[in-house]
Each structure stands twice: as structure tokens, then as C-alpha cells.
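Could you build the full structure based on these sequences and the hints that come with them?
Line by line, the protein sequences are chains A and B. Heads up, the first sequence is in the numbering used here, so the first residue is 1 and it goes up one at a time. Heads up, the second sequence is in the numbering used here, so the first residue is 1 and it goes up one at a time.
Hint data in this document are derived by calculation from the structure and do not stem from the laboratory. Predicted model only: the values in this text are computed from it and were never measured. Please note that a few of the clues may not be correct.
[As the list claims (entries may be wrong)] Reference excerpt, derived from the structure (chain A facing chain B, CB under 7 Å, subset only):
#: 1; residue: Val91
#: 2; residue: Gln110
#: 3; residue: Phe141
#: 4; residue: Gly229
[Said to hold, decoys possible] Covered stretches of chain B, as calculated for chain A (at least 3 residues, CB under 8 Å):
#: 5; segment: 138–147
#: 6; segment: 150–161
#: 7; segment: 297–306
#: 8; segment: 327–340
[Claimed, not checked] Derived, one-sided and incomplete: chain A residues facing chain B with beta-carbon distance under 10 Å:
#: 9; residue: Leu95
#: 10; residue: Phe100
#: 11; residue: Leu112
#: 12; residue: Thr293
Even for Gly, the Cβ is constructed at its ideal location relative to N, Cα and C.
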Amino acid sequence: MDVALFISILTITIRAGTSLLYATVGEILTERSGILNLGVEGMMIMGAVSAFAAAFHTGSVWMGVVTAIVVGGMLALIHAFLTITLRADQVVSGLALTIFGSGLASFLGQRLGPEGQPLVGQVGPRFEKIALPVLSDIPLFGDAVFRQDVLVYGMYLLVPLAWFILYKTRPGLHLRAVGESPHTADAMGVNVPGLRYFYTILGGMLVGLGGAHLSLAYTPGWTENLTSGRGWIAIALVIFATWDPARAVIGALLFGGVNAIQFRLQAAGTTIPAAFLNMLPYAFTIIVLVLITWWEAFRKRIGAPAALGIPYMREEVT
Amino acid sequence: MSFSLKLEKRLEESRLIAFLVPVGSLLLALVFGAVLLQAVGANPWRTYSAMVEGAFGTPAQWAQGDFYALTETLVKATPLMICGLAVSIAFRMLFWNIGAEGQLVMGGFAAGAVALWLPDMAPWLPRWVFLPLMALAGILAGAAWGIIPGLLKAYVRVNEIITTLMLNYIAILWLQHLYYGPWKDPKGFGFPGTAQFEPFTWLPRLFGRVHLGLVFAILAAIFIWLVLSRTRWGYEIRLIGENPVAARYAGINIARNIVLVMFLSGGLAGLSGMAEVAGISHRLQHGLAVGYGFTAIIVAWLARLNPWGVVLVAFLLAALLVGGDQIQITMGLPAAMASVLQGAILFCMLGGNILTRYRLRVVRGMPAKAAQAAQEG
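Set out below in C-alpha cells:
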């Protein structure tokens, strides 16, 4: 394989993997607290449309990013209120969030353009690539890894930070305790509902940020179904990563790589019909999920937080 | 003043609340929708009345014998009923089949394949066998698409939410590939779609565009109701859903039940796909996958997984969809308003459901003290 092709594939891999990784890390934090939020797709697409709309009208990509984070957090707050305070079924609430978010994003996308016109086809500000001095001159991968947009660099910082907090700090210990054994955590004096609210909202913010990366950097602009199932792939990646932010990197690179290969083959004018190339990420998700589930069962490991999906009630000790 | 919300368990479920929650949810969702409409500069009252008229028609139209709006609502209610039943039977045993959309598409694909190719391949076949064959093909294809995640869940414990969902995308892309590519009508002026089926493969129409699929839906509801309430299999399904541990101790084979239920669930969704292509479009084209399989999830949940509830709720949500299309045509408002309202109704129902089992108390003062007082009292 020649160097130019390698660099181009690696560049697209990282760019495609970034939005997935934001969403995956966000969902990992949420699920670690014991809350299953299947609304990732809905929050992500709302993040994407609101980020683009805000950036388009203010002319500032950063306003877009902030809007997406706020919107993601607010949608996650609905889920948190329903599942933590009102103890609604987490699966159904998450599905409702996805249906609601997808509908609302489509609605807003048709109204938030200039003078109430659709946003589709509008050109707005976008994140430009910035080459980091020295680092981007590293042979082979320097150009692909260190000539990216700011949100990619943000992701480089976020993953180690999330890993460090989760495994090496006291707040991380509390987070894991709340997800594994809320009654014990409660007895230790940890505010179980409070932490669950916090991490559900934080997770939603990161998912929204992932959406912003899609509409402001990866494929700048807004089209219907922009996320096209990336939120669901992120949920599959959480399982693949066995709820570990570091392992999520491998998953995101794998899926980004599938995207990149799809891109390259299409650009090279392959005879494989486009539909089959577009199926790749979805088929790949199923295959990867089957393999990882089988492998984890083989090793007799249970990766999921023990209290995932179970509402916490102090009065009812299970 | 600080206060906190506290939930107290009711001794028995409140029937009054069980009735008030759906009504209140609908009203609350409409209020939310009104705020949204106002925010984008539309008149909520006029929008809602346009939706109602679009979905049910006006008395003036009825007087003239024009029931177009109402029949269109029934047309959309048909796949929602069948798919709603399909997902509700899976949800009963807590198998989250989010893949009705893909199962519907595969059913439509298989029925379409029979209608497009079999008349030429087997011209000696009597014409009346084609519709039953198409229905059978639709059911089997949908069931096959449903059994894949069923088997993976039953024997490898793979998360079915993800697999059923991913299979949706694959099915939709597969169908698109066919009608944009190899199966495209050469005489279609570049229009993406297959050639029209022969008229003897069309489902008979009852009135307006309402076709025999509506009868399938009612029969399916009777069937599901009978299975759930009158058979041993139905009992096993309900027991697995309510208490999987007890079901296992009772000697119920959960893996086998998952596969069987997904055969039924996918088969029903596949049948609705067959009814759509044979009853409405008469060809494979864009517009088969318009989200019935997803709306069906809301239908099933709002109906509390009750088969007759599914029939009723499917009709109401179909009215919402037709009303949504109507405001897009007449007022230029996005039809997505319908799915926004659906999501909002579901949120309110979810939040409200807790009130049937718990009493919501506002506790004033310090939560800790209140908890202490409750313990002492």
C-alpha cells in the first residue's frame, strides 16, 4: 500500500471515528452510573442540527458547539427525570428519546434556515483542519493524526481524561460504585440519584458534541438522517468496549476504518454497488457484537455494570 | 424553600389514574406541540384543526359522501396495527424487537419478488394462488429477518436492540439497491421503482384505498389475543416477560420461546410489508420504509401491549400521521410534526405511568429530615 493512500485512509478513519467516540464515551459514563440511555441517536441528531443551525446564524462554530452540548444535555435531562425520579422503563424512555429527537431534528431542519426556510443545502461555517507544529511532521502518521480539526484534538484529550477519572480517582470510584451496587454506594454516603443525574446529563452533552462534529467538521452542513444510525453504532461500541473508554478507541477506529474504506472504494469507482458499501458499517456492527459477546461469555466475564437499567429505590432492597 | 419529590407505593393500582394518564399525556403533548408551532411562527390552533380535518374529514365532506380522509387514516392504520401487534408480542417477553421496519421491508421485498417474477416463470399456475403465495413469502421473509436476532439472542446472548436495528438499515439498503438497480423498470423513465405488478397480484380493495390488509390486521389481533389469553404458549410468553427466573424454574425453554416469538413477530411485520406492496403501491419503490415499524413501537407501548389496545392506538396514531401529511401539503409545515407529537405523547405516558403505582408527594423542608420522620412514623 502506498503511503499517500495509507495517510488518506487513516485521516478519514480518525475523522469518522471522532463523532462516534464522543458519543461512545458519553454513553459509557451514563451506563457506568447504571442508567441505560438508548436515546443516543436522538440526542446526536439533535446535536448535529442545532450545532449547524446555531453556527449558521451566528457565524461562529463555537456557538454551534455550545448549543449542541446544551441541547444534548437537555434531552438527556428528560431521560434522567423520567427514569431516575419517575422510575420509568429505561429502554422505552430511551427509544422515545430517539423517536422524539429524530422527529424534532427533521422538523427543525426544515424551519431553521434563513427566514424559516429549510437548512438543507445551506453552507455554514465549519471547523478547518489545523496542523500541529512539529507533530504533524512525524513521518507516516503525523500528517493523519496531527492535521485535524480542533474537535479531534479535544477527543485526544477526552479519552485519557475519562479513563483516568473512571479508574484512578475518587469520583470515578463513586461512579462505578453507583452503577455496580447502588445500595452499597448509598450506604457509603454517595448521592445515588444525584450522580446518576449528573452522568446522564454529562453523557448527553458528549453525545451532542459528537453530533456537532458531524455537522460542523465531518460532513459540514445538514441533511435529513445525517447521523444515519451512528448513535446506535455508538451503543454497540459501548458493549464492544466493555464499558472502558480506552477500549472504545479501538472500536471507534475499527468503525472509522470501515467508513474510510467505503469512502475510498466509492472514490475509486468500484463495481460493488453503493448499497452494499453502505451496508458495511451495519453488518460489521452485528458481526463485531456477536464476536465480542461470544468472547466475553467464553471468558466468563460480565462487562456491564451490575445495576444497569435497574431503577434505584432506597426503600426496596433487592 | 427547599422541597423534594417523594414516591409512595399505592396499595392497588388506581383505575381513575390509569384512565387519566393517557388523556393527560395527549393534552400535555399537544400543549408542547403548540409551543413549538408558535416558536416557528405557525398558528397552533389552525394547525391542529387542519390536522384533525386532514385525518377525519369535515361534516360537510361526510354529508357529500366523501370519506377520503377517514379511509386514508385507515390505510395508514393497517400497517401500524399489524406491526404494533408484531412488536407487542415480542415486548411481552421483554424481547426488544426494534426491527419491525426491516422485517416489513423484507416482507414487501419477498412478496414483490413473487409478484414480479413468478408469473413469467410459472405461467401455468392458476391466478388465485399468487396472493396466498405472496402472503406466505412475505411472512417467511419477515420471519427470517426476525429470527436472525432471535437466534443470536437465544444462543449467544447478543443484545437484540442493536441487531434488530442494524438489520433495518441493511433491509432498507437492500430494497433500495433493487429498485434503483437491477429490478428498476426499464420503461420507468428513470423513476426509481420496479415495473407494476400484474393486477391479479393486487390485494382487493374494500373502500377507497383501504385494502384487505385491514382484515389481516383484525385477524392478527384476534390471533394474538387468543394466543396470549387462551394458550399454554401465551402463558409461557407472559411468564417469561413478568418473571424470567420463575419461568426458568418452571422448566420453560426461554431460548426456544425467543425464536418462536421472533418467528411470529417478524412474520407479522413481513405480512404488513406484503399488504403494503400488494395493496397500495403495486410495485417496489421508495416509500415502503416510512417508519411504520418505529411508530409501531409507540403504538405497542401506548396500548400497554394489549392487542385490542393496539388496534385502537394504531388508528389514532395513523390519524396523527395523516394529519401531519396534511399540514405539510396545505400549510407548508413539516410532516415531522407528527413524530414530534408521538415522541412527546410517549414521554408523558412514561412519566405518568408511575402515578398508577405510586403517589407523588411533595415533601417540603430538608429531604433528610423528611426521610427520618417517615422512618419514625
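Outcome of the hint check:
no. : hint    : verdict
1   : Val91   : 6 Å, holds
2   : Gln110  : 4 Å, holds
3   : Phe141  : 31 Å, violated
4   : Gly229  : 6 Å, holds
5   : 138–147 : violated (count 0)
6   : 150–161 : holds (count 6)
7   : 297–306 : holds (count 3)
8   : 327–340 : holds (count 6)
9   : Leu95   : 6 Å, holds
10  : Phe100  : 3 Å, holds
11  : Leu112  : 8 Å, holds
12  : Thr293  : 5 Å, holds
The earlier numbered hints that this structure contradicts are 3, 5.
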